[in-house]
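Engineer: This is what each chain is made of:
2 protein chains.
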Amino acid sequence: METVTQTYRIAVDCMGGDKGPGEVVQAVSLALKELRAGDKLFLVGQEEVLQPLLRSAGIAGDSRIEVRHAPDVIEMDDKPMQAMKSKKHSSMIVALEMLKAGEADAVVSTGNTKVLVGAGTLKVRLMPGVQRPALSAIFPRKTGYSIVVDVGANPETTSEQLVHNTVLGALYSISILGTEKPKVGLLTVGTEEGKGGERINRANAYLKALNERFDWFEYAGPVEGFDVFQGDADVIVTDGFTGNILLKTVEGLVYMLKDLIGEKVKRNPIYIAAGLVLLPLLKAVKRQVRPERFGGAPLLGLNGLVFKAHGSSNKHGTAAAILMARNACSKNINRKASELLAVANDVVAEVQESF
Amino acid sequence: METVTQTYRIAVDCMGGDKGPGEVVQAVSLALKELRAGDKLFLVGQEEVLQPLLRSAGIAGDSRIEVRHAPDVIEMDDKPMQAMKSKKHSSMIVALEMLKAGEADAVVSTGNTKVLVGAGTLKVRLMPGVQRPALSAIFPRKTGYSIVVDVGANPETTSEQLVHNTVLGALYSISILGTEKPKVGLLTVGTEEGKGGERINRANAYLKALNERFDWFEYAGPVEGFDVFQGDADVIVTDGFTGNILLKTVEGLVYMLKDLIGEKVKRNPIYIAAGLVLLPLLKAVKRQVRPERFGGAPLLGLNGLVFKAHGSSNKHGTAAAILMARNACSKNINRKASELLAVANDVVAEVQESF
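If you read the protein sequences in the order shown, they are chains D and Y. Residue 97 in this note's numbering sits at position 97 of the first sequence, and the numbers go up by one each step. Residue 74 in this note's numbering sits at position 74 of the second sequence, and the numbers go up by one each step.
The following block holds chain D by itself, in its conformation from the complex:
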């Protein structure tokens, strides 16, 4: 349980974002306003780059900041194994090592997702009862938000791993979004039983049995693509292949719509008149669709808290990820997750025997 005096230490990988370390330092400056006196942010990256940025951001003297030098830089096209071997002194690997060594309570990185998933798993290790990590993303829906797990950490998710994703996603929904009793949907191609293949059928059987044991979440059964934005599930469970394609397609569509509207406004004089009025409307819609206040996607299933901030995050998005990590530290969801996963694996084994 959190006490009033509890403080936390977060290692921030400062070199990974598309917008460069300057934007991450700006994010740190924003986050500091919300953090407690005893909290600590380790800024991991090239010291000669970070120090001047801290000075120009006016936070060089803040006692809650400490720079940790990491000379290597991981590039977006680096392969995980290669980066881990040849770039041991990169900001991401150093930050993960700090988490592993207990020097930090959480890591926030805007870096290469694949390297973060690979290195995070190898360095921080999987929590007991989990076979693969899962990346989550928060999607807006008609009323509120839903968490989609997995959006790309594990492309070949088995039925059993879909159950793990359910436990991790539901727990995350409770602790981060404050959902009371999360409603979980299993993403597939038809809501009647028997659709979607053997893998989905098995996962459906496991989840029904698990829901009989656990009453802290509600299994809503199979859901369809339409339900991601139009349904009422708080957690959408899927494999990392489908989830990743979904996330990126939606991202591409949002960009296309933005361009389309912008172009039409530009081309047609009648729209220019409305342009000034349109702008805040579009911004409001965009805020709701890609909410920066949920700037971090936790890598679920690890023995430590690792948050991925979107590579193209601006300072607000990355600041949100830092505060989300701080919030997660105080919830201690990992211990609870291990207990629940053990029960889930028992249920899976029981149902497997009955097949």
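The reader is advised that the hints may include incorrect statements.
Each pair may be met inside one copy or between any two copies, as identical chains are not told apart.
Unchecked claim - Simulated pairs of lysine-lysine, DSS-like, Cα-Cα distance not exceeding 27 Å:
1) K336 with K183
2) K183 with K258
3) K40 with K258
4) K183 with K19
Source of the hints: derived by calculation from the structure; they are not laboratory data. Since this is a predicted model, take the numbers as computed values, not measurements.
Since chain D is already given, all that's left is putting chain Y on it; use the hints.
Structural biologist: Same frame as chain D, but now just chain Y:
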């Protein structure tokens, strides 16, 4: 080859749409304006329902129309096998029987997709070299349109079936969208080789080998979700599980954005002023995102032409599907497809041996 005098007969399933047979009859009325003198539309459905609708649409006397009585009606929640057994005299089954018997050259249906895929496969049969049918959908992208195959006919698509989807999708892109040399992308979670699992790796190897044999399409390699709307592939090949979830998620998002914008316009007085200006803009965007001129999704891989019009199609959408079917009749893509599939299967077998 098509001659100037060639005419075609299309069986239209009039009872399946969400908007009822009246909307389908309106669509027929629109389509008749574009059809040739010798073309024929068989309106399949309950005669007592259709005749008054034809009279009120003012097309009862058109010699190109013939009503075929089908008393049974398939409901949206009917299961395929059940519908085929207990509703033999439904408009959909009668239309498919006409295609099978050679009385019609194509079928257009707004009915239950699952029943259409199941009954279409059983009645019309798969073309030689194909193992499963595939549904295609047309997505708008930054420049032009892309065809996504499969969007739900076959949720457990194998590597070999992904190759069949490629041949069918590319051929369809040439014949219907007029693409000269279609660029085909294989949808996955990362563009570097080795990502996405065994099934994708094998399909990638097959497609590379096939592209060496065929120069009428260009294999662009693996593509990501972002490329569906932002890329330049004319054909996006995927399994029916991912494709279906993708299609429905995008549909849900478009509805949500529409509602969101509508709501904001309603709630905030400043937007009401701009509302009249906004409306045509939103309509223009909507037109581009869900183009009714591509109202039909062909069920690829069958021995006959079966087009699925969206269940919620209005008259323009269904009319577009009828004209698309007419256009496809004149292209005779099915014979060409069988030849190409035979070559594709040879290539798959050769590559398989080398694994």
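Engineer: With reference to the structure, classify each hint as holding or not holding.
Structural biologist: Quick rundown of the hints versus the structure:
no.: 1; hint: K336 with K183; in the structure: within (19 Å within a copy, 49 Å between copies)
no.: 2; hint: K183 with K258; in the structure: between (32 Å within a copy, 25 Å between copies)
no.: 3; hint: K40 with K258; in the structure: neither (38 Å within a copy, 44 Å between copies)
no.: 4; hint: K183 with K19; in the structure: neither (36 Å within a copy, 32 Å between copies)
When held up to the earlier numbered hints, the structure conflicts with 3, 4 and fits the remainder.
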